[in-house]
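So the protein sequences, as listed, match chains A and B.
Just so you know, UniProt numbering puts 460 at position 460 of the first sequence, and the rest follows in order with no gaps.
Just so you know, UniProt numbering puts 31 at position 31 of the second sequence, and the rest follows in order with no gaps.
Hints were generated in silico from the structure; no laboratory data involved.
Just so you know, not all the hints are guaranteed correct.
Stated by the list, open to error - Example chain A residues on the side facing chain B (calculated, C-beta under 8 Å, incomplete):
1. Lys81
2. Lys85
3. Asn685
4. Thr689
5. Lys707
6. Ile714
7. Arg721
Claimed, not checked - Here are the simulated EDC-like pairs of lysine to aspartate or glutamate, each with C-alpha atoms no more than 20 Å apart in a straight line:
8. A/Lys707 to B/Glu239
9. A/Lys30 to A/Glu12
10. A/Lys63 to A/Glu82
11. B/Lys146 to B/Asp235
12. B/Lys215 to A/Glu613
13. B/Lys164 to A/Glu711
14. A/Lys727 to B/Asp225
15. A/Lys10 to B/Glu239
16. A/Lys317 to A/Asp354
17. A/Lys707 to B/Glu227
18. A/Lys81 to B/Asp218
19. A/Lys727 to B/Glu114
20. A/Lys630 to A/Glu650
21. A/Lys707 to B/Glu114
22. A/Lys723 to B/Glu212
23. A/Lys707 to B/Asp218
24. B/Lys164 to A/Glu717
25. A/Lys727 to B/Asp218
26. A/Lys708 to B/Asp218
27. A/Lys421 to A/Glu442
28. A/Lys708 to B/Glu114
29. A/Lys460 to A/Glu415
30. B/Lys103 to B/Glu114
31. A/Lys727 to B/Glu212
Fair warning: this is a prediction, and the values are worked out from it, not measured in the lab.
Glycine included, every Cβ here is placed at the ideal spot set by N, Cα and C.
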Amino acid sequence: MSAQKKRNFKIEAFKHRVEVDPKYAEKTWKILEHAIHEIYNHNASGLSFEELYRNAYNMVLHKYGEKLYSGLVTTMTWHLKEIAKSIEAAQGGLFLEELNRKWGDHNKALQMIRDILMYMDRTFVPSNHKTPVHELGLNLWRDNIIHSHKIQTRLLDTLLDLIHRERKGEVINRGLMRNITKMLMDLGSSVYQEDFERPFLEVSASFYSGESQQFIECCDCGDYLKKAERRLNEEMERVSHYLDAKSEAKITSVVEKEMIANHMQRLVHMENSGLVNMLVDDKYEDLSRMYNLFRRVPEGFSTIRDVMTSHLRETGKQLVIDPDRLRDPVDFVQRLLDMKDKHDKIINVAFNNDKTFQNALNSSFEYFINLNNRSPEFISLYVDDKLRKGLKGVTEEDVEVVLDKVMMLFRYLQEKDVFEKYYKQHLAKRLLSGKTVSDDAERSMIVKLKTECGYQFTSKLEGMFTDMRTSQDTMQGFYASQYSEMGDGPTLAVQVLTTGSWPTQPSTPCNLPAEILSVCEKFRAYYLGTHTGRRLTWQTNMGTADIKATFGKGQKHELNVSTYQMCVLMLFNSEDCLSYKEIEQATEIPASDLKRCLQSLACVKGKNVLRKEPMSKDIAEDDAFYFNDKFTSKFIKVKIGTVVAQKESEPEKHETRQRVEEDRKPQIEAAIVRIMKSRRVLDHNSIVTEVTTQLQSRFLPNPVVIKKRIESLIEREFLERDKADRKLYRYLA
Amino acid sequence: MHKLGRGHRDKVQQFMAITGTSEKVALQALKASDWHLEGAFDFFYSQPQIRAVTDSRHLEELYNRYKDPYVDMIMVDGVSLLCNDLQVEPQDIVMLVVSWHMKAATMCEFSRQEFISGLQSLGVDSIEKFREKIPSLRAELKDENKFREIYNFAFGWAKDQGQKSLALDTAIGMWQLLFAEKHWPLVDYWCQFLQVRHNKAISRDTWSQLLEFAKTIDPQLSDYDAEGAWPYLIDEFVEYLFENGIVQRRN
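The following block holds chain B by itself, in its conformation from the complex (with noise of 0.2 Å):
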């Protein structure tokens, strides 16, 4: 704050009064209008965030109650405890919107930056707010961008910290869930194909363009283009979805 002229830093109060925010958001948005005041407005109040004051205090205390005994991490068990203070089951796919938030680098461990700062990012520094947060969180699946940076956030997550692919079990695991979300039809037969014909890990251009896959091509396939540079498990699935049956093919 020192180090802005009397002007700018009035500015800033005067932000920070209106809007009750943080300086560090205010500067955020003064330096985006330019330093005027209405264009500062626009731009927090267009935010899709509100991002609300946290204390730092009450972060470092929360931390500390579920932080494992031996290590400065959030383990198997902290997960466990504040799956229950949330209310929440710890298999709920909103715990995998909370990670990405985190930035969470692998599943079922937090370590003490990645809680404090994704709570921060939250907004949120005590359990009931938290609790309160987490219906807005489980909103943000529904949002198509939202959901496939949480999709592909999930590979690295998922995956082991050592390896480059995930392995079988746990992608058809995560795929379950991602897919009862934001409905695929294909998602039984994918999950029975790969482990009747691939049983092997699956790599992370297949993750994301499995996505792209759901997404695009309809149930039927009629829109499936052999040309259309889909990686060549994908290419085997719709094979087997002929083979079987399943899907009519068209000449």
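Looking at chain A on its own, in the form it has when it is part of the complex (with noise of 0.2 Å):
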């Protein structure tokens, strides 16, 4: 090999000029052209795509981009005109499927269009800020079909004459629909809403207007809910059949206006079918349906919650304020307890246990409840009445539910220092009279009260308790004592009652037959030897005698009778006949006492073991009583005995309330005390609110009272009105 002189390669650019005929561009647009032609004829099989991608590519390369896209333009728009005449054309129902035809075809070709032209889509479009090619085909379909003047309002109307018939009942092209309705939503959203939507709302907004007129004026609640449900659902089927899914809400939106909101107020009130007499009537389905539908409106619930409230009011006052009513109490309040039973059902079936709801009741059974001043007093004795005989032989858990469900009307009651007095005062009947059905439901009672008021609530009711058992153990140790004294006197059965617990009664006067005072006396001496320092002191008016009477024809009987009444029948074992007067004498027993016992033992069908002359019914001054010889009865335990827990007589509610103010008092002036002793410096109102707070849980202080506790705060120098402003008040140490 001979060495070769080395060369320098040098490549040199290609410097000549490609000669561009100059006919080049018209004849690779004319085929260009000619292939789109051919494409909108269905005539696509023919074309070979990668030659006719290679001309687009060279025209866009050789600077005629610009007549590419125009000529694209002009000759797209040119077969739209065409298509936009056979579409026209179309008679009827046709329409829609022409049109739906034509724009499936439409999208084909365009996009075969759009891939033969992809070249200059991504270099000449962009840099020449032209519209890409599928959307300049979306456009130019708008423009020339949907936006032709002779289209577009046939189209609309054909929609919703369509739509229309669907909602009279007819069966429709759905899948003709949805295909129409997605042509519009590709052709932009704003063409979707200003072409199809808007006008559709504004349709069906008038169609839901007259229908839900025409069915309010003859259908009753119940079946107008069930339609407007009905054609709420239809609404929301229609859209996921064929509308676009953002049209849900607005069309929802549109029948809860038309159909709901509009007539709210008229289907609440109906007569005879709306939501009170559905309330009355248990309607659980309605309500349901009423409570679903409404929520969807604005106002729907606060709508139902007023009606339901004021109802709730105005049959709770109608119920506690009736005269009837107020007759039985036990009767009272079971009503109360039934009524507030068939709400909650209600509430929780129909209204989905909703809190708000939960509370408008609580409110209303607040409100009423607290509009008898005797509620108190009412519940107490239905307590009573259930823990004498209502709860024999009902299970605990049965016994529990009674009970939780009477705390729930016990929570609403303002004035809770009303209930404590008499809830005592029946207790200690109850006790005295051993007359409760079952120690653990008394007890359980207790605890619930304590749980919801406090210890103080509570502490004097067990300290009741601790007395009885106290007692029990008292008589034990006083027969064990006594075993060989007693021989045959009458057996004494003592309960001792320590003061501060039980409710205050005045000791009244009564002479005790000579057996029972020595054996009274035996009892107090060894009471007195085991506990100095106390003083005892005999309540006649609590005690009750088992006394065996002997009649005329000898039929004995054993009879339970009051103390006052055993004072009475044993004057008889020495006289046959005594008057009024003799009697009064002799026992020292209050007068008006001494009438009502009289009357128990003498006017009383089937419990008349005396005859009073003459036989009215009330006691007069002059009046003789003689012992029944000719008494008779099927039992041989006769029960006279007038100890029970009764509503209380107009006088002795009128002392108790009394007492209850007068209590009211001291508590107020504490809290007041209280309130200062830690603030130092308050002013009026803010020293109300703070009391009334404060007190709340047992009772609702009057204004004017603790306004009056305040002066006399001042008068007796706890407290000074501040100098310079007399709102103020100042604590003194």
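Join the two chains, each given in its own frame, into one complex according to the hints.
Here it is in structure tokens:
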């Protein structure tokens, strides 16, 4: 190999110009134009994609992009105008079908064209800020077909007409509808909205406005709601089948507004079928439907709630102020409980346990229960009745259920201290007469009260139980010590009551028969022997006695009587006939009590162990009483006692209320002092608010009473007014 | 005087000579002005009352003139005589002002201490001087602050010693007297209301608050505020006025 001279290879730039045939562009365009025509004429199969692509590519490369683009626009537009004519020519139902078909064709064509012109789409279009091919195709379709004046209105009218017919019950071609609406969506959401959705909503609004008007004239509330619900479901289904998803919220709110919101008041207040009737008749399904429908509209819930609340308040009010109802306290409370149960169930089943409705129920109850100031007394009497006999044989769980329900009512009371007073009285009577159905039930009630109101509320009540137990032990001890000496004397059972725990009773005079007196004294001596420093007072108005009596024909009965009655009856051991005055003198029992006692002995059928002359019902000063030899009863044991808890008479009620008011004064004062001690200086209104808050678990203090207490405290120099600001009070240490 | 330094003593002398007052007053004024004579004069002359010198012997004589023969107090007769000498009626309200100056514990009685120190503070030691003072005492009732003090003083003075509250009749009498001076259009209704509705003694708080009420609330009750922490008796009075149509209720 010979060494060859190295040569530097140089590759020179391709210098010579490619000569473009001036007619080149036109020729190339013609090819492409032809291709477009063929495509639109469904003749694309004969075309070579690769060749066309190259042609388009070359045009753009040689800077003929503009010609290509504008040519595309012109050609396509021309085709679309032809298409428009054919669509316009379609008759009746074929209109939509034709439109749909042509749309499909256009899309296919567009895709092919886009593929062919892809190079232009990617280079020429963006740099010259032109609309991309696909989008261009859609826009041209929109402008030439959809917005052509012959088609635009017709399209909309056709669509709306179909929907209207479907609403009226006809079956329509949903697939076709879907395609059309999808087409509109594809053309741009503003097209869909302007050319279809907005008119659709308007038309729907007037449709439903009309329909709802029609329904409401002829349907009752429940039916109307069913129809409304059905329409609502229909529309949602419609959307899911052939409308754009975004339309759902809009159309449902149209239906809600037209069918529900606009007629809410009328529906709710409809006579014989409105909300109130549904509540009264426990129409759970209808109520549930109303709840679900109304929740969709503003103010829906509050409308239901307000009507329900005023209905409850009205019904409750009628219940508590109806004088007939007030005759039987137990029935009164039972009705309240029933009412609560009923509405609890409604809220639970139909209103989805909605808290706001529960609150409305609670506030209504609180409102009307406190309209009757005897409610605390009656609730206590109800419990008394249950614990005395109503809960006999009831299982433990059921007892708890009943007591829990009563506690619910108790919570609504504003004057809980009044309840406490009555409960104490009634409990005392129950304990002393031994007439309680179950100790466990009693205790359970106390525990509930303690949980609700705190230890102080129940400490005295518990003291009463303790006294009963202690008394039993005391009696055992007494009899053990007296064993040898008792003999034939009457058997004594004593309950020793601690004064503070039991309701205060004035001790009344009463002369006990000699036999009783002696054994009582023995007990007193025994008791004071073991408990020095205490004082015992016999409460003759609270005791009972069992006496064996023999009547005219030798029939023996055992009479269960009160202590007073015993004193009276024992007098007849030595006399056959006694006048009222003689009895009064001998027993020294106060007149009103004595009269009641004699009435129960002489004037009650089946229990008249005494005979009275004259035979009137009332006791007069000069009546005479005889032992009723002719008394008969099918029972051996006859109960004549009168120590049952009853609804108080007017004067008694007045007295109790006065005592309650008196008890409240120191509580209010204590609260004021507590507050002022920690705050030092406080203005009047704040004191009133704080005192009310502190005491609200027991009762609602009257602002006037609070003011009087403040003034009393000023008198006693616990507080003073501020010198500069007379509304301010100062604590004086 | 012997406790003071010489400079101070001189100043006291000078002060007394120029103003004609007692040593006590001079000391007071000079102490208040930190022993500057000019300041002391300013202080002295800005005092509303010019304390004149009183002769304690004369005061003793006066006291004895009115004193009760059996008790070391001026009692009803003595007071009667005093009023006579002063040429005023016993129920003239100026006697209340006098009692106020004397810090008298109870009406129609003056103790020795009260009488003498009262007259001293008024700067009178003879009946003539006392009589001359009467118009200025009467004028004191026109002063807002003094009237309030006198009014509040009247409560303790008019009530029974052992009681906390003022008997209703006495209170009504006092109110009518006092509100004749300081005119309050509702005073008659107030007294009427109390007799009809209340019929119990009046507490101190109610007494003093009534003046505030009369001063601040106009007779048409347009600025009466039910939340205004007025004593409950006044609230009830307002209700009474509305109920009987004496004042129109506002919404």
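- Looking back at the hints listed earlier, which ones does the structure fail to meet? 1, 2, 4, 9, 10, 11, 12, 15, 16, 18, 19, 20, 21, 23, 26, 28
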